[in-house]
Amino acid sequence: DQQVKQNSPSLSVQEGRISILNCDYTNSMFDYFLWYKKYPAEGPTFLISISSIKDKNEDGRFTVFLNKSAKHLSLHIVPSQPGDSAVYFCAPTGANSKLTFGKGITLSVRP
Amino acid sequence: NAGVMQNPRHLVRRRGQEARLRCSPVKGHSHVYWYRQLPEEGLKFMVYLQKENIIDESGMPKERFSAEFPKEGPSILRIQQVVRGDSAAYFCASSPDSPGNTIYFGEGSWLTVV
Chain G
550 DQQVKQNSPS LSVQEGRISI LNCDYTNSMF DYFLWYKKYP AEGPTFLISI
600 SSIKDKNEDG RFTVFLNKSA KHLSLHIVPS QPGDSAVYFC APTGANSKLT
650 FGKGITLSVR P
Chain A
62 NAGVMQNPRH LVRRRGQEAR LRCSPVKGHS HVYWYRQLPE EGLKFMVYLQ
112 KENIIDESGM PKERFSAEFP KEGPSILRIQ QVVRGDSAAY FCASSPDSPG
162 NTIYFGEGSW LTVV
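Heads up: the protein sequence lines correspond to chains G and A, in order.
Quick note: the first sequence uses the numbering used here, first residue 550, plus one each step.
Quick note: the second sequence uses the numbering used here, first residue 62, plus one each step.
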């Protein structure tokens, strides 16, 4: 029962271009959505979040869009940099406060 | 990673031994979570604790696994009689309040069962 789906396991983009990472969810009780970035052999690092009452949140090069009716969110990184190369996890949560992680997307930014 | 401290970072155990993983949350955080990541998988929720209380253990295997977060000291994830399938990365996270607050993760403890 995969409540959070990140259907593209990997993405490769050229430095300076936009990276778009997608996430779909099935649980309508999710009301807070977080994105984490993870390097090998390290813990996840919080990147950006969005509440269900919003449809967009922006922080520097990172913007998250939420489409509640479609149960879809996306993370946009622009411009992409080689240091952005990592695994990105979508992790919604609800009233029970536990995060539900997708399988992650491996982003590679080519110099 | 905002001060969540986990130790040991790497642990090797023989089948049948016990593994104890420790987690000190960010100072002032009273909520602790444990997650497990198997190879090629996302992180899976195991247990959510507040001081001296288990709030949600729906992700914990029914046998051999236990967790505590005592009034004093770190949170402990204990795995008894380890098997090869327990080999994974175990991540602890903490938050100051819930729900809706950002949850910060530690660097993880890598358990290898030989």
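One should not assume that every hint holds.
[As the list claims (entries may be wrong)] Selected chain G positions facing chain A (in silico; Cβ < 10 Å):
| id | residue |
| --- | --- |
| 1 | 614 |
| 2 | 645 |
| 3 | 652 |
[What the hints assert, rightly or not] Simulated crosslink set (DSS-like; lysine-lysine; CA at most 25 Å straight-line):
| id | chain 1 | residue 1 | chain 2 | residue 2 |
| --- | --- | --- | --- | --- |
| 4 | A | 105 | G | 620 |
| 5 | A | 112 | A | 132 |
| 6 | A | 132 | G | 652 |
| 7 | G | 554 | G | 603 |
| 8 | G | 652 | A | 88 |
| 9 | G | 605 | G | 554 |
| 10 | A | 123 | G | 617 |
| 11 | G | 603 | G | 620 |
| 12 | G | 617 | G | 603 |
| 13 | A | 105 | G | 554 |
| 14 | A | 123 | A | 112 |
| 15 | G | 605 | G | 620 |
| 16 | A | 123 | A | 88 |
| 17 | G | 652 | G | 554 |
| 18 | G | 554 | G | 617 |
Simulated from the structure, these hints should not be mistaken for laboratory data.
As the structure is a computational prediction, the values presented were derived from the model and not from experiment.
Heads up, the beta-carbon is just placed ideally off N, CA and C, and yes, glycines get one too.
Evaluation of the provided hints:
A cut of 10 Å between beta carbons decides the hint on residue 614 of chain G: the least distance to chain A is about 19 Å, and the hint is violated. Checking residue 645 of chain G against chain A: minimum C-beta separation of about 6 Å stays under 10 Å; hint holds. Interface hint at residue 652 of chain G: satisfied, since its Cβ lies 4 Å from the closest Cβ of chain A, which is below the 10 Å cut-off. With a CA separation close to 21 Å, the supplied pair residue 105 of chain A and residue 620 of chain G stays within the 25 Å bound.
Proximity of residue 112 of chain A to residue 132 of chain A is assessed by CA-CA distance (about 6 Å); at most 25 Å being required, the pair is judged to hold. At most 25 Å may separate the alpha-carbon atoms for a hinted pair to count; residue 132 of chain A and residue 652 of chain G exceed this at roughly 34 Å. Proximity of residue 554 of chain G to residue 603 of chain G is assessed by CA-CA distance (about 21 Å); at most 25 Å being required, the pair is judged to hold. Taking the CA atoms of residue 652 of chain G and residue 88 of chain A, the gap is about 30 Å. The hint is violated against a cut of 25 Å.
Simply put, residue 605 of chain G and residue 554 of chain G have alpha-carbon atoms about 20 Å apart, close enough for the 25 Å limit, and the pair holds. Straight-line distance between C-alpha atoms of residue 123 of chain A and residue 617 of chain G comes to about 35 Å, which puts the hinted pair past the 25 Å bound. Using a Cα cut-off of 25 Å, the hinted pair residue 603 of chain G and residue 620 of chain G holds, with the two alpha carbons roughly 13 Å apart. As the CA atoms of residue 617 of chain G and residue 603 of chain G are separated by approximately 9 Å, the hinted pair is consistent with the 25 Å bound.
At most 25 Å may separate the alpha-carbon atoms for a hinted pair to count; residue 105 of chain A and residue 554 of chain G meet this at roughly 14 Å. Pair hint residue 123 of chain A plus residue 112 of chain A holds up; C-alpha atoms about 22 Å apart against a cutoff of 25 Å. Among the hinted pairs, residue 605 of chain G with residue 620 of chain G is consistent with the structure: their alpha-carbon atoms are about 14 Å apart, no more than 25 Å. About 31 Å separates the Cα atoms of residue 123 of chain A and residue 88 of chain A, which puts this hinted pair outside 25 Å; it is violated.
A hinted pair counts as satisfied when its Cα atoms are at most 25 Å apart, and residue 652 of chain G with residue 554 of chain G qualifies at roughly 7 Å. For the proposed pair residue 554 of chain G and residue 617 of chain G, the alpha carbon gap of about 15 Å is at most 25 Å, so the pair holds.
In this structure, the hints that do not hold are numbers 1, 6, 8, 10 and 16, in rising order.
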